[in-house]
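K.L.:
Based on the sequences and whatever the hints tell you, model everything.
In our numbering, the protein residues as written are 1 to 738.
The hints are simulated quantities; they were obtained by calculation from the structure and are not laboratory data. It is possible that part of the hints are untrue.
What the hints assert, rightly or not - With a Cα cut of at most 25 Å, we get these calculated SDA-like pairs of lysine to any residue:
| hint | residue 1 | residue 2 |
| --- | --- | --- |
| 1 | K343 | E403 |
| 2 | K483 | A734 |
| 3 | K235 | R290 |
| 4 | K275 | N426 |
| 5 | K343 | E320 |
| 6 | K483 | K235 |
| 7 | K275 | P289 |
| 8 | K275 | L228 |
| 9 | K343 | L367 |
| 10 | K483 | S368 |
| 11 | K483 | P469 |
| 12 | K235 | A402 |
| 13 | K341 | V480 |
| 14 | K483 | P468 |
| 15 | K61 | T77 |
| 16 | K61 | G127 |
| 17 | K389 | P328 |
| 18 | K343 | A406 |
Stated by the list, open to error - Okay, the calculated beta carbon distance ranges per label pair:
| hint | residue 1 | residue 2 | range |
| --- | --- | --- | --- |
| 19 | R703 | A324 | 42 to 52 Å |
| 20 | L556 | S728 | 47 to 57 Å |
| 21 | N391 | D288 | 48 to 58 Å |
| 22 | D130 | L707 | 40 to 50 Å |
| 23 | P178 | V57 | 26 to 36 Å |
Fair warning: this is a prediction, and the values are worked out from it, not measured in the lab. Virtual Cβ for every residue (Gly too), placed ideally from N, Cα, C.
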Amino acid sequence: MMDQDQPAPNPASLFQAAVQSFQAQDWSRAEVLCRQALNINPGYVDALNLLALVCNVTGRKEESIARLREAVQLQPTHASLWINLGGAYRNAGQLAQAVECQHRAIALNASIPEAHYNLSLAYQGLGQLDDAIAAARRATELRPGYAQAQLHLADVLCDAGRLHEAVAAYQAVLQLYPDWPEPHFRIAHAWYQLRQPARSVEHLREVLRFEPGRSDAEYGLANSLAALGHIEEAKSALARADAASGRRHDSLGVLACESMAETVPPDNPYIEQYKLRLAAAVRAFAADPRPIDLSTIHVRAAMPSPMLAYYGGDVREIMEQYAAAIGPQIPRVPLRRRQGKSKLGIMVTNGHEGVFARCWGGIAERLSRESFDVRLVCSPSGANLLMTKLNVPPEEYLRLPAEIDAAARLLHEQEFDWLHFWEIGNNWPNYYLPYCRTAPGQSGCWGWPVTSGNPQVDAYLSCEQIEPPEGPSHYSEQLVLLKRLPTYFVRPPLRRGTPRSHFGLEDSQRVYLCAQNVRKYHPDFDPVLAELLRRDPQGVLVIIGDAQASITELLLARFRRTMPDVMSRVRALSWMEPDEYLALVALADLTLDTLHYGAGANTVYDTVAVGTPLITLPGEFHRARWAGAVNRRLLSSHHAPRDEPKSSRHTPCAVADGTRNVPATIAQSGSDLAQWLIASTPEDYVAKAVQVASNADLREALRRQILEAGAELFEDTAVVREHDEYFSQAIAGARAAD
Numbered sequence: 001m002m003d004q005d006q007p008a009p010n011p012a013s014l015f016q017a018a019v020q021s022f023q024a025q026d027w028s029r030a031e032v033l034c035r036q037a038l039n040i041n042p043g044y045v046d047a048l049n050l051l052a053l054v055c056n057v058t059g060r061k062e063e064s065i066a067r068l069r070e071a072v073q074l075q076p077t078h079a080s081l082w083i084n085l086g087g088a089y090r091n092a093g094q095l096a097q098a099v100e101c102q103h104r105a106i107a108l109n110a111s112i113p114e115a116h117y118n119l120s121l122a123y124q125g126l127g128q129l130d131d132a133i134a135a136a137r138r139a140t141e142l143r144p145g146y147a148q149a150q151l152h153l154a155d156v157l158c159d160a161g162r163l164h165e166a167v168a169a170y171q172a173v174l175q176l177y178p179d180w181p182e183p184h185f186r187i188a189h190a191w192y193q194l195r196q197p198a199r200s201v202e203h204l205r206e207v208l209r210f211e212p213g214r215s216d217a218e219y220g221l222a223n224s225l226a227a228l229g230h231i232e233e234a235k236s237a238l239a240r241a242d243a244a245s246g247r248r249h250d251s252l253g254v255l256a257c258e259s260m261a262e263t264v265p266p267d268n269p270y271i272e273q274y275k276l277r278l279a280a281a282v283r284a285f286a287a288d289p290r291p292i293d294l295s296t297i298h299v300r301a302a303m304p305s306p307m308l309a310y311y312g313g314d315v316r317e318i319m320e321q322y323a324a325a326i327g328p329q330i331p332r333v334p335l336r337r338r339q340g341k342s343k344l345g346i347m348v349t350n351g352h353e354g355v356f357a358r359c360w361g362g363i364a365e366r367l368s369r370e371s372f373d374v375r376l377v378c379s380p381s382g383a384n385l386l387m388t389k390l391n392v393p394p395e396e397y398l399r400l401p402a403e404i405d406a407a408a409r410l411l412h413e414q415e416f417d418w419l420h421f422w423e424i425g426n427n428w429p430n431y432y433l434p435y436c437r438t439a440p441g442q443s444g445c446w447g448w449p450v451t452s453g454n455p456q457v458d459a460y461l462s463c464e465q466i467e468p469p470e471g472p473s474h475y476s477e478q479l480v481l482l483k484r485l486p487t488y489f490v491r492p493p494l495r496r497g498t499p500r501s502h503f504g505l506e507d508s509q510r511v512y513l514c515a516q517n518v519r520k521y522h523p524d525f526d527p528v529l530a531e532l533l534r535r536d537p538q539g540v541l542v543i544i545g546d547a548q549a550s551i552t553e554l555l556l557a558r559f560r561r562t563m564p565d566v567m568s569r570v571r572a573l574s575w576m577e578p579d580e581y582l583a584l585v586a587l588a589d590l591t592l593d594t595l596h597y598g599a600g601a602n603t604v605y606d607t608v609a610v611g612t613p614l615i616t617l618p619g620e621f622h623r624a625r626w627a628g629a630v631n632r633r634l635l636s637s638h639h640a641p642r643d644e645p646k647s648s649r650h651t652p653c654a655v656a657d658g659t660r661n662v663p664a665t666i667a668q669s670g671s672d673l674a675q676w677l678i679a680s681t682p683e684d685y686v687a688k689a690v691q692v693a694s695n696a697d698l699r700e701a702l703r704r705q706i707l708e709a710g711a712e713l714f715e716d717t718a719v720v721r722e723h724d725e726y727f728s729q730a731i732a733g734a735r736a737a738d
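P.N.:
Written out as C-alpha cells, the structure reads:
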C-alpha cells in the first residue's frame, strides 16, 4: 500500500525514467514506464512517441504505427512525429504511406534534414531511385557532414548504377570520417563493380584493420583477390571468412574454396589436379549438403569456376555433377499460368553488357514486338550502359537487385513465358538464377560457350555452322541449331593509317597478333607460339594484356618459363579503346586464334571488318570453332560441311620461305583460300601461319576475299527471324505443356 505521504507518480518523471531505460536498451522497463505515464496522461505525446519506438525495436511494427498515429492526431503540426510515423511505415514495408508522411513533415518544416533522409529511404524502397537521390542530396545540403545521409546517397547512386558518382560520394564520407569502416566496405564493392579490384582490396584491408575478423569483408577480399589472379591469397581470405562465421570445415566452404581456379594455369598438370580436386569437393558436398542462402550468394557461395571453359576438355560431366549437388538446395516457387501475349525476358548480367550489345544487341532490338512483350533484364548499372548502346525503349528494361533472392522474386512476379540468358555460368546471378526456375521455359546460348549442366535450363541456342556432328552430347540442354551464324553484328568503321610505331612496332617486323582474352592462352598454346617465332626470325608476337596488369604478368611469367629463347619478340600491349584496337588488328600481318577456347563472334568479326586473316585450329567443342566456321563461310565457294575438310585434317603444309608468289589456282579459287587459315594440327597451324604472314601476295588475296565476302556476315536480319521463330515455338510448347 502506497504511503499516503509519498507523492503520486508524475508523468514527466516516469517519462524521463523511460528514456533512461530506453537508452540502456531495457525495452521492457521502458515500455512499462511509458504505459504508466500514459495511464495518468493519455495525451502525453512524448510518451506515445517513445512507446512507438519501443514497439518498433521489439518487432511490433503495427503497434508502433498505431501509437504514432495517435501522436500525430494530438499534435498534427509536429514535424518530427510525421518523420517517425513515416519511418514506422517504412519499417513495416508500407512505403507509399512512408513517402506521404515525410512529405507532410517537409511541408511543416522543409529545413529538417532527417525528413529528406527518411524520404530518400522510402523512395529507395519503392525503386524510385532518381527521387531517392534528390532527397538524399537535399539532406546533405541542409546538414553538411550528415554522415548517414551522405553514406546513403552513395548507396543509392550505386543502386542506380551511377558507380563513378557513388565512388565520389563514398570518398566524400571518408574525407570526413576516414576511420569509419562502413564507407570503406561499400566503396570497395563499388570499385569491384567498376572492375578495379586492386582499389577494392585497399579499402577492404582498411575495414579489416578496424574490424579484424569481419567475415563479409574477408569474403569481399577473396573475390577481389581472385579478380586480380591472386588465387592462393583469395583462398586464405575465404578460409578466414569461414572461420569468422563458424563455417571453417563445412562442405559448402570447402566446395567454394576448391572451385577457385588459377586465372592463368601454370601448366597442364595443374589443370588435371584442379579437375580432380574439384570433382572430389563436389562429391563431398553432395554427401553432406548445406543449405544455400540466396540472400547472401553474392557474398558467399560456391559455383563452378568459369576457368573450366578455358582449361579445355568436355565439361558436361562436372557441370552436371555440380548442378546435381547444388540444385536441390535452392527453393523454387510454383509458377503461375500465363495467358495473353507472350512475355520474353532477355537476361544479361552485370559486367557483360558491352559484348552483349555488340553480339546480340541487334537481335534484342529487332525481336518482334508484335509477337512478344520483351524485357531486357539486367542490373541498374547495366541498364544505364545498354541504354547508350541499344535502341530499346526505356520501359523495356527490368532492373534486378543484386541479391539473388530479391531478383528471383522480381522475375517470378513478372510472369515471363520464357527467360533467355545471354550467359549461364560465369558469375553468381547467371549461374544461380536459372535454378530458381522463374519462367516455364529457360534457355542459354553461345554467349557462354559451355553447358550449364542445370536440368532447369531447357535449351541451348547455337548453330549448324559451329557445332560438330556430336555437338548434342556436349550439352545437358536440348541443343537448338540455327541455320545462320547466331549474331547480329554491326560492321565497325574501318580505320587505317595508324603507323606501326604508334604501338612500338617496326615496319620490318611481321606482326602476329593474338587479340584474345589472356585467360584463353592454354598451356598447350605456348609451344605453338614458341615454334612460330622460331620459324620466323622476323616475327613478333603481339598480345593484348588484361585490364588487370597482375593477370597479364602471370601469362608473361609462364612464357618466360616455357619459351625463354623467343621472349624478346613478345610484346604485351595495354588494354586499349575499340578504335585503337581495330587499328592494331588492321595493321597486323596475321591474327592468331587460341587453342581449346578460341575467338568468339566479337574478335572474329573484327578481323573480318578490317580484312586481316585469322588462322585457327578448330577444336572438338563449340568454344574453339567460331573462327573456323567464319573462315569456311567467307573463303569457300559453297556452303561448308559441318566438319573440317579432309585436306585440312590430314595434309600439313610445309613452311614457306616467304619468297614464292601465290599459285594461280589459289588466287583464282575462293574454295581453296579457306585451307590457308584452317589448320588440322598444331604443326600445321605453325606452318600455315608462317607462310601466310611471309607471303604478301597470299595475304592480299586472303584480305581481298575476306573484305568482299564479309559484307554478308554483318547486320544479318535473317538470324533475327530465326530467333523470333524459335522463341515463338518454344513458348507455345511451354504453354501447351503447362
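K.L.:
With the threshold set at 25 Å, check whether the alpha-carbon distance from K235 to R290 stays at or below it.
P.N.:
Status holds; Cα separation ~20 Å.
K.L.:
Is K483 close enough to S368, meaning Cα to Cα at most 25 Å?
P.N.:
holds (19 Å)
K.L.:
Verify the CB-CB distance for P178 and V57 against the hinted window 26 to 36 Å.
P.N.:
holds (31 Å)
K.L.:
Check the hint pairing K343 with E320 against an upper bound of 25 Å on the C-alpha distance.
P.N.:
violated (29 Å)
K.L.:
Does the Cβ distance between D130 and L707 fall inside 40 to 50 Å?
P.N.:
holds (46 Å)
K.L.:
Need the status of pair K235, A402: alpha-carbon distance at most 25 Å?
P.N.:
At roughly 23 Å apart (the allowed maximum being 25 Å), A402 and K235 satisfy the hint.
K.L.:
Can you confirm whether the C-alpha distance between K389 and P328 stays at or below 25 Å?
P.N.:
violated (39 Å)
K.L.:
Would the pair K343 and E403 pass a check requiring their Cα atoms to be no farther apart than 25 Å?
P.N.:
holds (23 Å)
K.L.:
Would the pair K343 and L367 pass a check requiring their Cα atoms to be no farther apart than 25 Å?
P.N.:
Holds - the C-alpha atoms of L367 and K343 are around 12 Å apart, at most 25 Å.
K.L.:
Starting from K483, check that the Cα of A734 is at most 25 Å away, please.
P.N.:
holds (23 Å)
K.L.:
Has the given pair, K483 with K235, been kept, meaning a C-alpha gap of at most 25 Å?
P.N.:
Outside the cut-off at roughly 44 Å; violated.
K.L.:
A range of 42 to 52 Å was offered for this pair. Does it hold for the Cβ distance of R703 and A324?
P.N.:
holds (49 Å)
When each numbered hint is compared with the structure, violations occur for hints 5, 6 and 17.
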